[in-house]
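> Chain by chain, the residues:
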Amino acid sequence: MASGAKVVMSLHGIKTRGVWQKDLAPELALGGYIPYVLDYGDFGALKLIRSRQLDKKVEWLVKEYDRISADSKSERPSLIAHSFGTLQVSRLLEKYDHVVFDKIILAASIIDNDYPWPHMLDAQRVNWVVNDYGGQDIWPKIARWFVPNAGKSGAEPFSKRHRALHQVEHPHHGHSDYFSLGNFRKNWVPTLQLDKRSIVDKLHALIGHLSKTLKLSRGHLRVFVLRPDENIKALRIEAGLFIGAATPREVSVTIPIDGNGVGSAPAIAYKEMREVRQSGDELKILVESFQDDSPLHADLKWSIALPIPVDGGAFEEACGVLVVDGLKDVDEGLLAYELLVDDDVFTVLIQLGVILSAS
Amino acid sequence: MMKKSVMFVALEAVDPVEARRLLPGVKLQVSRRTFAQVAAEKFRGLGGSQFMETASTAQNIGVDDARALRGAVLNRVIP
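Top to bottom, those sequences are chains A and B. Counting from 1, one number per residue, gives the positions in the first sequence under the working numbering. Counting from 360, one number per residue, gives the positions in the second sequence under the working numbering.
Everything labelled a hint here was simulated from the structure, so no lab data went into it. Incorrect hints may appear among the rest.
[Unchecked claim] Simulated restraints on C-beta separations:
1. A/294 x B/384: 13 to 21 Å
2. B/379 x A/290: 54 to 62 Å
3. A/96 x B/382: 55 to 63 Å
4. B/380 x A/96: 37 to 45 Å
[Claimed, not checked] Computed cross-link-like contacts, DSS-like style, restricted to lysine-lysine with a CA-CA straight-line distance of at most 25 Å:
5. A/160 x A/141
6. A/95 x B/386
7. A/301 x B/386
8. A/233 x A/186
9. A/6 x A/186
10. A/63 x A/73
11. A/271 x A/233
12. A/202 x A/6
13. B/386 x A/233
14. A/56 x B/386
15. A/63 x A/95
16. A/186 x A/271
17. A/202 x A/301
18. B/386 x A/284
Predicted model only: the values in this text are computed from it and were never measured. From the three backbone atoms N, C-alpha and C, an ideal C-beta is built for every residue, glycine too.
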């Protein structure tokens with residue numbers, strides 16, 4: 001088997017043997033991954049009450065991890081876990097410091113809400129974590145009363161935030177509503193394929209650079225990475241790829257590539273390969289176009305859309321758009337500057353193009 | 360360091376068809392140069408203070424030049 005193979009492990013919950021993994025495996029294979037479907041049998045709910053049972057499962061899991069890593073020569077497998085499987089993964093990381101992952105996707109997690117994900121992410125034990133939690137999921141709330149060290153992070157988000165911890169609320173999801181082919185194809189597999197950690201790290205550095213250059217605090221700046229969604233012919237913010245204050249509704253806005261109107265600035269940047277900027281007056285028109293229900297941040301003062309070039313071409317085609325927003329006016333007059341010419345901004349755009357084009 | 364620039368124009372100045380397609384009254388300011396033109400100038404090592412202010416001076420960069428520039432950027436040798 002080739003060195004550095006791309007591996008995704010999946011781990012099911014209790015009172016099931018994870019039939020969903022059988023649907024997921026071919027999707028992972030189509031995405032270029034080697035799926036390892038883990039199965040620890042039909043584990044009864046009453047066993048969860050005894051912490052020794054969890055320890056036994058974690059001991060089993062570390063042996064599976066070591067076996068798969070050795071067989072596949074994968075230095076950093078990714079993992080998708082559901083329910084009790086999430087608790088096993090959290091204990092695995094705490095107990096065995098040789099265990100590292102690329103991405104971890106949690107669905108209906110019962111991990112404690114105060115779990116130290118920022119520590120795990122800063123220590124590179126894992127590069128990217130997704131927490132899919134559901135508004136209709138009662139089991140995490142129940143589990144935390146009966147299962148030692150459990151929490152309700154499958155119903156409410158983790159309390160400790162990190163730019164590489166992406167938490168997604170699904171208001172209508174119950175405990176096992178994450179296993180549709182559509183979710184695998186639209187969300188899980190693309191998340192596995194894209195190096196989001198590198199992107200958010202670069203966005204974080206870019207915010208620092210812009211903060212100094214524009215003499216604004218970091219809190220007054222935000223950046224978003226938009227990519228085309230071929231299914232709806234629109235640009236949308238790539239899940240988790242933004243930094244700064246934004247509401248869930250704001251990050252879910254889509255921009256038709258061939259749409260018109262004052263909200264088309266990112267689409268123009270995408271098509272024309274030019275920097276596009278909107279001042280306060282133009283944004284005011286945009287806000288008013290939503291009448292009394294604008295999704296845009298109330299303090300938005302200016303916005304700049306920059307094309308992200310496709311890697312490998314002659315910079316004439318975009319694979320995405322970087323939007324830089326200001327929540328405070330710039331004293332010296334923003335329109336006097338061209339971000340595209342800035343070497344650091346230019347470098348980040350090319351780096352983003354390399355990463356996005358690789359997925 | 361960002362350079363002062365007068366390189367922004369109304370969209371209709373560079374793409375009147377696209378500008379007309381947008382709703383009347385939509386005035387988007389766009390950079391006069393495309394990404395490829397900015398890249399070409401960087402590749403040729405002109406430096407920010409020497410940027411010409413006419414689009415005609417900046418021709419599109421070739422694929423080989425683009426690859427060389429990409430390599431330079433990723434190796435952080437752009438001044």
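> Hint by hint, note whether the structure agrees.
Hints versus structure:
no.: 1; hint: A/294 x B/384: 13 to 21 Å; in the structure: 18 Å, holds
no.: 2; hint: B/379 x A/290: 54 to 62 Å; in the structure: 24 Å, violated
no.: 3; hint: A/96 x B/382: 55 to 63 Å; in the structure: 59 Å, holds
no.: 4; hint: B/380 x A/96: 37 to 45 Å; in the structure: 58 Å, violated
no.: 5; hint: A/160 x A/141; in the structure: 18 Å, holds
no.: 6; hint: A/95 x B/386; in the structure: 58 Å, violated
no.: 7; hint: A/301 x B/386; in the structure: 16 Å, holds
no.: 8; hint: A/233 x A/186; in the structure: 15 Å, holds
no.: 9; hint: A/6 x A/186; in the structure: 19 Å, holds
no.: 10; hint: A/63 x A/73; in the structure: 15 Å, holds
no.: 11; hint: A/271 x A/233; in the structure: 12 Å, holds
no.: 12; hint: A/202 x A/6; in the structure: 23 Å, holds
no.: 13; hint: B/386 x A/233; in the structure: 23 Å, holds
no.: 14; hint: A/56 x B/386; in the structure: 65 Å, violated
no.: 15; hint: A/63 x A/95; in the structure: 13 Å, holds
no.: 16; hint: A/186 x A/271; in the structure: 24 Å, holds
no.: 17; hint: A/202 x A/301; in the structure: 23 Å, holds
no.: 18; hint: B/386 x A/284; in the structure: 13 Å, holds
Hints 2, 4, 6, 14 from the list above are not met by this structure, while the remaining hints are.
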